[in-house]
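Protein chains: 2
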Amino acid sequence: MRLVPVEDSADPRLADYVRLRDVQLRKSLEAEHGLFIAEGEKVIRRAVETGYPVRSLLMARRWAEPLADLLQRVDAPVYVADERVLEDVAGFAVHRGALAAMSRKPLPPVPELLGTARRVLVLEDLVDHGNVGAIYRCAAALGVDAVVLSPRCADPLYRRAVKVSMGAVFAIPYARMDDWHHGLGELREVGFRLLALTPDQSAVPIEKAVTGERVALLLGSEGDGLSSRWLKAADEAVCIPMSADAMARGVDSLNVVAAASIACYGLMRS
Amino acid sequence: MRLVPVEDSADPRLADYVRLRDVQLRKSLEAEHGLFIAEGEKVIRRAVETGYPVRSLLMARRWAEPLADLLQRVDAPVYVADERVLEDVAGFAVHRGALAAMSRKPLPPVPELLGTARRVLVLEDLVDHGNVGAIYRCAAALGVDAVVLSPRCADPLYRRAVKVSMGAVFAIPYARMDDWHHGLGELREVGFRLLALTPDQSAVPIEKAVTGERVALLLGSEGDGLSSRWLKAADEAVCIPMSADAMARGVDSLNVVAAASIACYGLMRS
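Respectively, the protein sequence lines represent chains A and B.
Numbering of the first sequence is given in my numbering, commencing with residue 1 and proceeding in unit increments.
Numbering of the second sequence is given in my numbering, commencing with residue 1 and proceeding in unit increments.
Bound-form chain A, shown alone (with noise of 0.2 Å):
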């Protein structure tokens, strides 16, 4: 464990850490340096745990000695600051008490990541990164085995993603398509039944989709649901089955969530 002490916010070694809420700085800067951060003591674990190599560490002083076990397994600088200084740096006041660097993994291509894979999730163009770790949560929390992203899906190691999964991004193998056009013609040959999740009310409810050996589910993103080629290119189109005054309430669908929870939960048990 090497505690390194540093006083200057503008020091080039917590460069990894600047700027947490700006998400497009965030974004080029951890792709260009293939990096990802992870916030709190049993989401940095979980990173650790999982194989992610640790670029280095970043916390208020009192915060060493909790974590000390894992400190003393991991061979990277230790910075430790000021509360004021962590906050001048990561741009908010970091409540949760120790931020980590992390290097990303190369992803598998995609029929590598599907191997023996049964149940599998595809996620297309999602923005939301909070929902992309509340997919990830309960998907490992209900045994999904894969997860597929669009090209432009949201990143799961994205800070945010990262939290709300509560760690779930490190724990379900996942990858990322080539190609949006004919991504789902790799899930097809391998003999996988697509299911394409919809709030249309005319599909057919989830618990009466036909499923089988292999079932991957097709989850759109927040604001328009999954592209028509999507849908076209579906086995079927399942919808979870609404009240009949959820209109006349104003609402006329699930969130993305809540409605991939339900789906899920279903999947894993047919």
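Be a bit skeptical, because a hint or two may be false.
Given that identical chains are not distinguished, each listed pair holds provided it fits within a single copy or across any two copies.
In silico lysine to aspartate or glutamate, EDC-like type, Cα no more than 16 Å apart, as pairs [what the hints assert, rightly or not]: (1) Lys-105 / Asp-82; (2) Lys-232 / Glu-112; (3) Lys-163 / Asp-252; (4) Lys-163 / Glu-222; (5) Lys-42 / Glu-87; (6) Lys-208 / Glu-236; (7) Lys-27 / Asp-11.
What the hints contain is simulated information worked out from the structure, not anything from laboratory work.
Based on these hints, arrange chain B on the given structure of chain A.
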């Protein structure tokens, strides 16, 4: 329609809209004046349609035209201001175009709320306004008849709850218990069977729960779940069965919105 230009962010006529992100300030200000804030065209329309009185509206001038039909029907001042003034008052850039300060309506006593309801949710001490809003949206979509709040449960009319609910907080009748200790008794007296939702995997799987004519599903707070008092007071503890490898994946529970969604879906089909 009275368009009233306002140029000074300190104008006392905008007092209802100050520092919308300051949770402590807003809680006391909204309680004191019996008001709440609705944000965005869709949500404001829903609030007006469901009979909440408008105190005033505030928007950039360019929003007045798309909202003209609504503004005609509303007997309240419509303040128009530069985006800079809006930002100064609200404390953030107001992207959704329009804000409305609305009056609250008196909540019914719990026995009156329950009336002929058959399926209700009871929320104990949820602290996150987003979760409360998401649960209302889910409840409205799936056909829950009413929601009962514990005395300390977060406010469904807080701005973030209203927004996340997509206006469902206006559509579902709800009430707040006077007394946490004896509040569940009022449900039991009128024949409700009380199901306590818990992550404890030794509880009865939700789909095997005994339901009956009137059922109340009790949902606990994000961190600690239901209090032991409420767990004991329930007729049956029920759980969402998780995957056998969820714990190995570091996931020991679903989040409250995912759990509520799955449980409501099961309950509404019983």
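Broken hints, by number: 1, 2, 5 and 7
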